[in-house]
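Respectively, the protein sequence lines represent chains A and B.
Under the UniProt record's numbering, read the first sequence as residues 1 to 150, first letter to last.
Under the UniProt record's numbering, read the second sequence as residues 1 to 421, first letter to last.
Keep in mind that the hints were calculated from the coordinates and are not lab data.
It is possible that some hints are incorrect.
Covered stretches of chain B, going by a simulated chain A footprint (3 or more residues, C-beta under 8 angstroms) [stated by the list, open to error]:
hint	segment
1	92-105
2	276-286
3	319-328
4	405-411
Source: prediction; values computed, not measured.
A virtual CB, placed ideally from N, CA and C, is assigned to each residue, including glycine.
Residue strings, one per chain:
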Amino acid sequence: MRALVALLVVGSVAFALLVGRAEPTPDLSRGVDGVAAWLHDLTDECASVKRDDDFTDFAGPVRSKVYAPFIAEWGTCAKQPYERLGLLILRPGLEQAWRTALANGEVRGDPDLAFGDGFALTGSIGMEYLGLKRLECTPTACSLMEIKHH
Amino acid sequence: MRKRIALLTVAVAVGAVLVHTGGTAVAHGSMVWPGSRTYLCYEDGRAGSGGGDLQPTNPACVAAVAQGGKQPLWDWFGNLISNAAGRHREIISDGNLCGPTTKYAAYNLTRADWPSTQVQANSTVTLRYNAWAPHPGTWEQYVTKDGFDVTKPLKWSDLESVPFDKVTNPPLANGEYAWQARLPNKSGRHIIYSLWQRSDSPEAFYSCSDVVFGGGTGTPDTTAPSAPGTPVASGVTSSTVKLDWTASTDNIGVTGYRVYNGSQVVATSATNSVTVTGLTADTQYSFTVVATDSAGNASASSSAVAVRTASGGSIGSCSVAYTRPSTWNGGFTANVTVSNSGTSAISAWQLVWAFPSGQQLSQAWSSTITVASGQATAKGASYNADIPAGGSVTFGFNATTTSTPTDPTSFTLNGSACAIR
Chain A
1 MRALVALLVV GSVAFALLVG RAEPTPDLSR GVDGVAAWLH DLTDECASVK
51 RDDDFTDFAG PVRSKVYAPF IAEWGTCAKQ PYERLGLLIL RPGLEQAWRT
101 ALANGEVRGD PDLAFGDGFA LTGSIGMEYL GLKRLECTPT ACSLMEIKHH
Chain B
1 MRKRIALLTV AVAVGAVLVH TGGTAVAHGS MVWPGSRTYL CYEDGRAGSG
51 GGDLQPTNPA CVAAVAQGGK QPLWDWFGNL ISNAAGRHRE IISDGNLCGP
101 TTKYAAYNLT RADWPSTQVQ ANSTVTLRYN AWAPHPGTWE QYVTKDGFDV
151 TKPLKWSDLE SVPFDKVTNP PLANGEYAWQ ARLPNKSGRH IIYSLWQRSD
201 SPEAFYSCSD VVFGGGTGTP DTTAPSAPGT PVASGVTSST VKLDWTASTD
251 NIGVTGYRVY NGSQVVATSA TNSVTVTGLT ADTQYSFTVV ATDSAGNASA
301 SSSAVAVRTA SGGSIGSCSV AYTRPSTWNG GFTANVTVSN SGTSAISAWQ
351 LVWAFPSGQQ LSQAWSSTIT VASGQATAKG ASYNADIPAG GSVTFGFNAT
401 TTSTPTDPTS FTLNGSACAI R
């Protein structure tokens, strides 16, 4: 029991130290390659980036209509459990576009992206360990929310 | 940084161990038997593409991809609402049960041709739910009422008022939760609606499994297939490996196989052979195979086969023929043929080779070529961006040069070195 408690203390301290420190951010001057390099450094995955020309083929016309005007560059890479995890370099304005689409009844709920500063990933699993956040939106406002640990 | 992530994992694991008492189960995913719409369309897409991409052939899956793109199939296990907190009927409107968010909305399409699973009324079966990440929670399985019409939007009132099956923290093995349940007394086409609410988070997962109830003997099939033979690996590249194994037997019939790396499913197959794709170069894998039958029974795992993928720097499954049909004072024309000798298509190919500083690219055809930092990178045009297995693409360029041109001595295709012909 003492050993378990000691392990818990060590684990909790390590956890607190880790989540209390900001993760390094991607080098966005390198675009998608910078995000991939950052992710690879963190996870040993996402070693190579696949670049698709057609974002609509990936996201479908509804979400593409909202997202695509605010994506400067994108690609995908493999990171478990995602065979194709989208790496998006963002331009300002996506939040407003989602709210407008929400108000118009074109989309429902929240954007399905995990957001960093100036970029986003398309996953939902494990994104919190990368220091990313999600947007909760109503037609009038969006809030960046911490992602609860999976 | 990797050490930090590893340490974080340890810390989380410590916490998980301490709160994870009494065999508490963990989960994250979607129903794989009877298969959910996203899962079965994903499998349909894999089969239709021959690997490497998703090209569904089932008409409903095709329609869903046309509406929602391929991403919901790549992410077939992520049909979730982050802040549901048990408010399912409050936040999900009628008609949106199968795809409550925009990303998965296409899986609400009212069609009678979604991939379906044949099941037996009143039989005891093994329900299976894939698991990517650890969480405790409760699953509820509902079935649609008698007279339900799959071509009409699915409403909450279409579901029987109480779930025919409910389980909290079911056992986890081989990357899946699996538990026994007795199917309800139904006939014909129905939807089994699975709703999983995490108990450690407001996050909830949703899936629609299209099933066709047949009459049955009333005797449940609880006999699992025999364990498959040890897989034999061949054709190992930096990202793929072909596995073959001795087929399993079953009292009713084997319906498929799941291939695992450790506890994660990396491929499925209807036959005793599969090519696993998307692997990482120079990495050790341990593959096992499990057979399943139509009642959801899973066999014991096969013995494992250890495979190390080829290094990205070694000769891969490509070769390059580089010729200069024309050379003149101050310039030359080069033609390049890139061949894929592997067993799967190479998507979005990029060929890289050294481009000396005295050379300057002046024109390219059948490819987009960029030159930077002494390297040329060629990418396919829209019509030849992929190289099929056994196929090749050819492109060319003109360049000026201040010296006698020499042919490149190495080429790298999507990170793997190519043989030179």
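Hint-by-hint comparison with the structure:
no. : hint    : result
1   : 92-105  : holds (count 6)
2   : 276-286 : holds (count 3)
3   : 319-328 : violated (count 0)
4   : 405-411 : violated (count 0)
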